Every structure is written in C-alpha cells, then in structure tokens.
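Participant: Spelled out from the first residue to the last, the chains are:
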Amino acid sequence: DVKVTQSSRYLVKRTGEKVFLECVQDMDHENMFWYRQDPGLGLRLIYFSYDVKMKEKGDIPEGYSVSREKKERFSLILESASTNQTSMYLCAVEREQTYEQYFGPGTRLTVT
Amino acid sequence: ELKVEQNPLFLSMQEGKNYTIYCNYSTTSDRLYWYRQDPGKSLESLFVLLSNGAVKQEGRLMASLDTKARLSTLHITAAVHDLSATYFCAVDIPSGSRLTFGEGTQLTVNP
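In order, the protein sequences belong to chains A and B.
Under the numbering used here, the first residue of the first sequence carries the number 1, and numbering increases by one thereafter.
Under the numbering used here, the first residue of the second sequence carries the number 1, and numbering increases by one thereafter.
Derived by calculation from the structure, the hints in this document are not laboratory data.
Among the hints, erroneous ones may be present.
Claimed, not checked - In silico DSS-like links for lysine-lysine, alpha-carbon gap of 30 angstroms or less: (1) Lys57/A to Lys70/A; (2) Lys71/A to Lys13/A; (3) Lys57/A to Lys3/B; (4) Lys3/A to Lys56/B.
All values derive from a computational prediction rather than experimental measurement.
Start from the sequences and build out the full structure, keeping to the hints where you can.
Facilitator: Pasting the structure below:
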C-alpha cells in the first residue's frame with residue numbers, strides 16, 4: 001500500500017496568513033489530489049496533479065494554489081487564509097494499477 | 001455532471017442484523033470504490049470494483065457493482081459494533097482520475 005503523510009494533523013492560523021499544507025508519498029505514483037471535507041458537503045476536490053509541475057483545478061480551486069516540484073511531494077497553498085477555509089484537508093495518491101486512491105491522515109485547519 | 005447518491009445517510013442498527021447501503025450514480029462509469037472513515041480519522045479503502053458484476057467480500061462486508069443500473073451495494077452481514085463508521089462510495093468519471101464521492105452513510109451498530 002501507498003503511505004501518505006501530511007505535514008500537520010492540526011493547524012491554527014489567522015485570517016490573512018499564508019498557509020502551506022504538505023503531502024508526501026513514499027512511492028513513485030504520478031497522480032496526487034487535495035480534497036477538503038466539510039460536514040454535510042462531503043469531500044470536494046480542490047486541485048490535483050498528474051506529474052511534476054503539472055496541475056489541474058478541481059471543483060473548488062478558488063482561494064487555493066498548489067505546487068509540485070518533486071514527484072513525491074504535493075503542496076496546497078492558501079495565499080491569504082480566510083475563516084471559510086476552516087476545514088479538514090485530505091491528500092490522496094492514486095495507485096495506477098487499480099486507480100484506487102490512498103488518503104493521508106488529514107490536516108484539520110482552523111482559521112481565526 | 002456526475003452525481004453520486006447514497007442512501008440511507010444515517011443508519012442505526014442492532015448487532016447481529018443485516019443491512020444494505022445503496023450507491024447510485026448518474027453517468028456511465030466502470031470504476032467504483034468504497035471507503036470507510038472513523039470519527040476524526042482519514043479514509044480507508046475497502047473495495048475497488050472495476051467491472052460490471054464485480055463482487056468483493058471482506059469479513060462481514062460485501063460490495064457489488066451493476067454498471068447497467070449504475071448501482072453499487074454494500075451489504076453488511078451480522079453487524080458488530082466495530083463496523084460503526086461512515087461509509088463513502090466514490091465513482092471515477094469516464095476520462096479517469098477524478099473521484100466524485102457520495103455524501104456518506106453514517107452507520108451506528110448498537111449492542
């Protein structure tokens with residue numbers, strides 16, 4: 001199985017701060033994803049990347065950007081955090097053979 | 001736009017009983033996934049169903065896929081408390097690599 005780690009389990013930031021969330025995989029898979037999960041709204045795709053320096057917008061990219069400089073690392077950036085970005089953020093890596101996505105432990109971000 | 005609907009959204013059942021969670025989706029897809037999420041935790045992959053008629057079983061859970069009906073079921077046999085969790089189905093769009101998730105079914109198994 002793919003091991004996916006995220007830089008923080010819990011994070012508290014202030015409105016207007018720049019926030020970096022990092023995701024690292026222990027293998028060499030190409031596709032990586034960032035989701036946010038909110039009660040009553042389920043999981044929503046923010047961005048995904050299918051290779052180094054390649055990215056595509058998901059369903060809710062506004063207010064976010066991403067960076068993938070190395071294959072194993074995919075970063076989500078909140079340029080100027082706002083309170084409506086308080087959420088659980090989940091990173092996932094796709095295993096090509098089955099298209100199955102493996103999720104990291106999640107980062108619970110609170111913006112005050 | 002692909003829509004994925006699960007029902008029920010909330011399910012409270014007694015230990016030892018059987019029940020089925022349903023997952024309907026709106027667009028042709030040959031790939032369907034079931035995940036489990038415990039409170040405060042991330043998602044754990046349960047089943048990957050990659051073709052019409054696929055059936056997979058693990059312990060007290062069995063998942064099946066009918067692509068013609070655009071329906072997957074997750075059947076729980078003789079439920080135990082440890083199965084209490086939220087279960088999500090997810091469907092891959094035909095062009096691949098973008099999962100759309102259902103709302104999740106919150107299952108509570110009571111002793």
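Participant: Each hint needs a verdict: does it hold in this structure or not?
Facilitator: We went through each hint and held it up to the structure:
For the suggested pair lysine 57/A and lysine 70/A, the alpha carbons sit about 19 angstroms apart, so the restraint of at most 30 angstroms is met. Simply put, lysine 71/A and lysine 13/A have alpha-carbon atoms about 28 angstroms apart, close enough for the 30 angstroms limit, and the pair holds. Only pairs whose Cα atoms come within 30 angstroms are accepted, and lysine 57/A paired with lysine 3/B is accepted, the gap being roughly 18 angstroms. Between lysine 3/A and lysine 56/B the alpha-carbon distance is near 23 angstroms, which keeps this suggested pair within the 30 angstroms criterion.
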